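Visitor: Given chain A's structure and the hints, the job is docking chain B onto it.
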Amino acid sequence: MDNSISILLVEDDEVDAMNVKRAFKKANITNPLYVAENGLDALAMLRGEDREKISPTPKIILLDINMPKMNGIEFLHAIREDPEFKCISVVVLTTSNEERDKVAAYNLNVAGYILKPVEPQKFMEAVSVLEVYWNLIELP
Amino acid sequence: MKISTKLILSFSLVSCLVFVVGYVSLSVAKNTQTQYTAVIEEHLPVIHMAKDVGFQGMRMLMTINELGFIHAESKSKELSQIYEEEVSELRERVIPPFLDTLQDYEIGMAKLFPDEIGYVENIKKSSAEILSISNELLELYNQGIAGNKLLSVRATLEEAKNKFLQAIDDATHHEHVELQKKQSLVAQTIESGFVKVNIASVVVFSLGMFFSLLISRLLSKPICALANAATEIGKGHLDTKVKINSSDEFGKLATAFNKMGSALSETTVSINYIENILASMGESLLVLDQGGKILKVNQASTALFGYSCDELIGKKFTELFAPDMNSANPCLGFKDRQTLCGCEANCITKDGREIPVHFSSALLFDTDKNVMGAAYLGRDISEHLQAKENLQRKNQELERSNQELDQFAYVVSHDLKAPLRAISNLAEWIEEDLEDKLEEDTQNNMKLLHARVKRMEALINGVLEYSRIGRSEQNVREVDVQKLLSEVIDSMPVPKDFKINISSTMPVVTACKVRMGQVFSNLVSNAIKYRRDQDGQVDINVSDEGDYYRFSVADNGPGIAPEYHDKVFIIFQTLNAKDKKESTGVGLTLVKKIIEDQGGQISVKSEEGQGAIFFFTWPKYIKEEDTQ
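Chains as they are written, first to last, in the numbering used here: chain A, 1 to 140; chain B, 1001 to 1628.
Simulated from the structure, these hints should not be mistaken for laboratory data. If you're wondering where the values come from, they're calculated on a predicted model, not measured in any experiment. Some clues are possibly wrong.
[Claimed, not checked] Here are the computed lysine-lysine pairs in the DSBU-like style, where the Cα-Cα straight-line distance is at most 30 angstroms:
1. LYS21(A) <-> LYS1529(B)
2. LYS25(A) <-> LYS1447(B)
3. LYS1496(B) <-> LYS1529(B)
Okay, chain A solo, but in the shape it has when bound (with noise of 0.2 angstroms):
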């Protein structure tokens, strides 16, 4: 994968940001990464709002679903409503299993639904996985 591709990761669990993180560099994956606590957060980090703007706009975010203040749902919703983001691919990484909350986000247009495996070495697996799917996928 171009190096030069950054990657959001919208998420409120320290511990579960520092899991994406290892997993990540397990699978020697150099992408610079961001992370956002929250819906609202991801959005300021996006356009530059009270703070610099994450430039290049990123192409991948991996966005929770469960979390406070703006949650996964609303932001995408945000996110395809704004046109500047509006093509940007994103994969869902949620411990949700609610059938509500993947018609929701698939009907927003994400590339995955992926639930959070409790176990690191499926978590690993996962990452690879992705990998492997952003190697394979043209991103715009």
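Guide: Same frame as chain A, now just chain B:
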């Protein structure tokens, strides 16, 4: 005795009596006639004969006197010739008839009244005297003797004549007296006969009256009794009986009448009976005429509306409703409706209270099938509505509380997962970071830690799954159970030597496929998980039980002791130590909840070491609320 026989006997008796009266009258008449005939036939000829004797005697005397005159003047030849002729006339034509008459009279008297022959003797004596004097006189004439001698003879004749006339007179007088006697006897007979006839008539009349009264009484008494009984039955007293014990037609009629009464009272409900039912009814009954006016009410109506019977009767039905009801009252306009219907409306009582009333109404028809009114049965449904409302509220509360519980279970399990994952991750990382520095004990502990994390995740997933049954929508459709079972079995790891036998008669049911699949999947995977040795097997069968199917999943595993049969369905309950067989104790609880949600039941039949059979029923028809 039959009435006809009684009548015939009575009239025969009266006829006999009339006959007796007739007989008496006739016999009286006959008696009278006999006596009268006797008078006519006996006395009158005798009297006539006596008069004849007198007449002939007088003729004879006159002839003798005449002879005296002729003789006195018989100087001439002519006269003496006349005299001679007269004498011969006397001798030949006057005296013989006289004697004949006298003789006839004597014969008649001797024959009819021999006792009174004395009168005849007297006449005869005086006649004989007259004859002898006449002869003496004629002798004197012949001799031509006149003078004193002649005069004295004539005087004697005159004397004899008087005697004769006296005798005749006596005889006729006697006969007349006798006749009068006989006549008075006849009169007496007539009078006594009249009395007899009168007495007989009075007797016959009295007897006739007596029998008439007897018969009329005989006829009218039972008729009156029957008429009274008929009136009573007409009033509705169907148990009325006629007491006639005679064996005649009336007795038969009374028996038939009583039978009819009994039959009526068996087949018909008496007015009293109906009145009692109406009075004992808890519901208010209002009978309306065509115009909606109240014709009849029962006691419950007075209790419901607060009006007395008299106040209700004649009132318009519409007056009983709350004023705001009348424009759109579902209970009015009964004439346009079908025969029977129910409706609810607010009524107003006499004291102004407004009460909700449920009415059931039925149209009343006359014999020509025309609507003649309606009957309304009203029931105060305040309590019912209150109870219904309470029930609905409780139901909503229960539903909410169930939903809250499910939501709670979901949120708790979901939120428990996050720290669990963190623990798992952190432990992993610690292990990784300290890779070479860990002692064997610590490594073992780390393994145990991972295992417990895994178990906790399984438990949380179980709770999540359990909570999802109540929360998630069910996709109900036709499910081919045979196919479903194949899919379920294909998706689970079945050991090579484990046999699964599925009956070929699996039905197609209307159900939520996922839920039904969960049931089979849990039961079959349990059978596999708890198999005893290598040749494990499970048999899946079904039987049609009418409204539902009864499925059975039977294994040949270690079985479940009866005392645990209830426990296996309780959440988190496992029979083996969790270290031996990794189990959450959620599976059967899940199965039980799914089945009971569908309206079915689950049970287990097993003995320790004998394998286990799980039976569950699945309704053929989904409950309405489930499909909504």
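Visitor: Is it true that the CA of LYS21(A) sits at most 30 angstroms from the CA of LYS1529(B)?
Guide: violated (38 angstroms)
Visitor: Within 30 angstroms, alpha carbon to alpha carbon, are LYS1496(B) and LYS1529(B)?
Guide: holds (13 angstroms)
Visitor: Within 30 angstroms, alpha carbon to alpha carbon, are LYS25(A) and LYS1447(B)?
Guide: OK: LYS25(A) and LYS1447(B) at ~24 angstroms, within 30 angstroms.
Hint 1 alone, counting from the list given before, is not met by this structure.
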